[in-house]
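Listed below, chain by chain, are the residues.
There are 2 protein chains.
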Amino acid sequence: MRNIKLVLEYDGTDFVGWQIQASGRSVQQDVTNGLRQILGEDVSLIGAGRTDSGVHARGQVANFHTVSLLDPPSILNGLNGVLPQDIRVHSCEDVNEDFHARYSARERVYRYYLSLERMAIGRFYSWSVPYDLDIDLMNDAAGTIVGEHSFESFCKNGSEVDHYRCIIYRSGWVRSGTMLTYEVGGNRFLRAMVRLLVGTMVDVGRGFMPAAAFQEVLAAKGRQRVGMAAPPQGLILEEVKY
Amino acid sequence: MRNIKLVLEYDGTDFVGWQIQASGRSVQQDVTNGLRQILGEDVSLIGAGRTDSGVHARGQVANFHTVSLLDPPSILNGLNGVLPQDIRVHSCEDVNEDFHARYSARERVYRYYLSLERMAIGRFYSWSVPYDLDIDLMNDAAGTIVGEHSFESFCKNGSEVDHYRCIIYRSGWVRSGTMLTYEVGGNRFLRAMVRLLVGTMVDVGRGFMPAAAFQEVLAAKGRQRVGMAAPPQGLILEEVKY
Chain A
1 MRNIKLVLEY DGTDFVGWQI QASGRSVQQD VTNGLRQILG EDVSLIGAGR
51 TDSGVHARGQ VANFHTVSLL DPPSILNGLN GVLPQDIRVH SCEDVNEDFH
101 ARYSARERVY RYYLSLERMA IGRFYSWSVP YDLDIDLMND AAGTIVGEHS
151 FESFCKNGSE VDHYRCIIYR SGWVRSGTML TYEVGGNRFL RAMVRLLVGT
201 MVDVGRGFMP AAAFQEVLAA KGRQRVGMAA PPQGLILEEV KY
Chain B
1 MRNIKLVLEY DGTDFVGWQI QASGRSVQQD VTNGLRQILG EDVSLIGAGR
51 TDSGVHARGQ VANFHTVSLL DPPSILNGLN GVLPQDIRVH SCEDVNEDFH
101 ARYSARERVY RYYLSLERMA IGRFYSWSVP YDLDIDLMND AAGTIVGEHS
151 FESFCKNGSE VDHYRCIIYR SGWVRSGTML TYEVGGNRFL RAMVRLLVGT
201 MVDVGRGFMP AAAFQEVLAA KGRQRVGMAA PPQGLILEEV KY
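As given, the protein sequences belong to chains A and B, one line each in that order. All residue numbers for the first sequence refer to our numbering, where the first residue is 1 and numbers rise by one. All residue numbers for the second sequence refer to our numbering, where the first residue is 1 and numbers rise by one.
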């Protein structure tokens with residue numbers, strides 16, 4: 001059996017998320033359907049990260065096994081021909097049989113885009129926060145999560161996970177004009193974790209929560225309430241590293 | 001009568017354009033409706049530029065006369081409260097009675113966004129041209145239009161204009177990663193002019209037309225066929241200067 005790796009971009013606006021659900025349009029289902037059209041085969045598509053409803057991806061990685069002999073460029077072009085315009089395949093290649101999009105991943109990189117203005121253009125790809133935000137305080141908070149921590153405080157209820165430990169390699173805000181971008185890279189992320197981190201850091205940036213309190217929330221391991229989750233449309237899974 | 005100036009941003013995706021039409025959703029109609037709700041008055045809204053269907057604006061300027069005594073911040077906040085999310089008002093101010101959004105404008109600045117990759121995210125705000133483009137040749141062509149010229153060759157049939165002369169102040173392409181941006185500033189623009197210029201310059205960039213031929217097309221004043229108009233979604237009216 002061949003093992004094939006895809007790098008996918010998608011606009012999450014009209015999806016219930018990556019994962020196939022009982023109802024609603026999922027990326028996993030659309031790509032699986034596309035592969036059935038191209039390969040004449042039902043494959044099991046494994047994604048690196050289960051993005052939530054409305055969350056986008058520029059570098060989602062997926063893999064599947066197939067007996068097809070179709071060469072990678074033909075699969076790539078065939079898929080881009082049959083897939084809807086809100087999913088694009090950027091690359092397609094044969095990989096080792098032990099490659100697993102989810103378990104082989106070393107780092108996932110997310111960016112969250114936040115606009116300080118009210119926006120019409122691009123409102124589906126950023127969160128509009130038309131207030132004064134202190135980016136230095138937000139970076140103080142962002143820096144505290146680097147390293148290995150238990151993120152129970154920044155995890156949506158109902159997540160089925162064995163443990164809450166994640167290793168964060170980088171976490172910081174950059175300002176460019178009226179756009180603030182948060183970039184975070186880590187070995188794994190819990191459900192809604194990035195959005196809960198962003199929502200809480202915005203509370204810090206607005207002066208509603210001291211940066212020190214942010215650290216306390218993290219240390220409380222779920223016994224202390226965090227801020228609101230930032231809305232999904234600002235979040236993009238940028239890259240998965242292996 | 002007060003004369004009030006608005007700066008507007010809109011996502012043109014779901015509009016038939018700026019101007020009120022027999023059917024379909026127009027920006028002019030939506031803003032006029034919003035003002036009726038806020039002021040209790042039917043105003044005549046004058047726009048600086050009549051953007052086509054699907055074309056966006058980040059800095060469209062409009063003005064209207066009113067007998068209302070409502071202060072500008074209340075009009076701005078009121079409008080943003082009642083307008084749909086794809087139109088945002090960035091500023092609102094009282095101006096001299098002789099200010100006319102269309103006739104007082106000195107310069108209109110448009111940008112056209114072109115991606116060298118197939119895109120899912122942002123596909124409504126750029127044109128995807130996944131081919132090799134020679135940006136130096138495109139800049140050679142872009143430079144030839146600076147100054148005063150007759151743009152009959154770059155004007156959609158059926159435009160009702162007295163003359164085709166436009167003064168172009170700047171015209172050039174910039175590359176940033178896989179995104180090419182064309183910026184053009186001029187005293188006036190004819191119907192679909194920027195899109196016809198971009199479509200023809202892309203032909204130059206792909207090697208389908210020599211840069212010298214671009215100049216001939218311009219000189220032919222409509223007697224020579226131009227390339228296709230670039231699609232509307234890549235075009236944004238960025239700013240109007242007075």
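If you are wondering where the hints come from, they were derived from the structure by calculation, not from laboratory data. Cβ coordinates follow ideal geometry from the N, Cα and C atoms, glycine included. Among these hints, one or two may not hold up.
[To be verified] Here are some, though not all, of the chain A residues that point toward chain B, as calculated from beta-carbon distances under 10 Å:
| # | residue |
| --- | --- |
| 1 | Glu-9 |
| 2 | Met-179 |
| 3 | Glu-183 |
| 4 | Gly-222 |
[Stated by the list, open to error] Derived list of chain B stretches under chain A, where covered just means 3 residues or more per stretch with a C-beta under 8 Å from a C-beta of chain A:
| # | region |
| --- | --- |
| 5 | 3-17 |
| 6 | 121-127 |
Comparing the hints with the structure gives:
no.: 1; hint: Glu-9; result: holds (5 Å)
no.: 2; hint: Met-179; result: violated (13 Å)
no.: 3; hint: Glu-183; result: violated (16 Å)
no.: 4; hint: Gly-222; result: violated (33 Å)
no.: 5; hint: 3-17; result: holds (count 3)
no.: 6; hint: 121-127; result: holds (count 4)
Hint check: violations occur at hints 2, 3 and 4; the rest are consistent with the structure.
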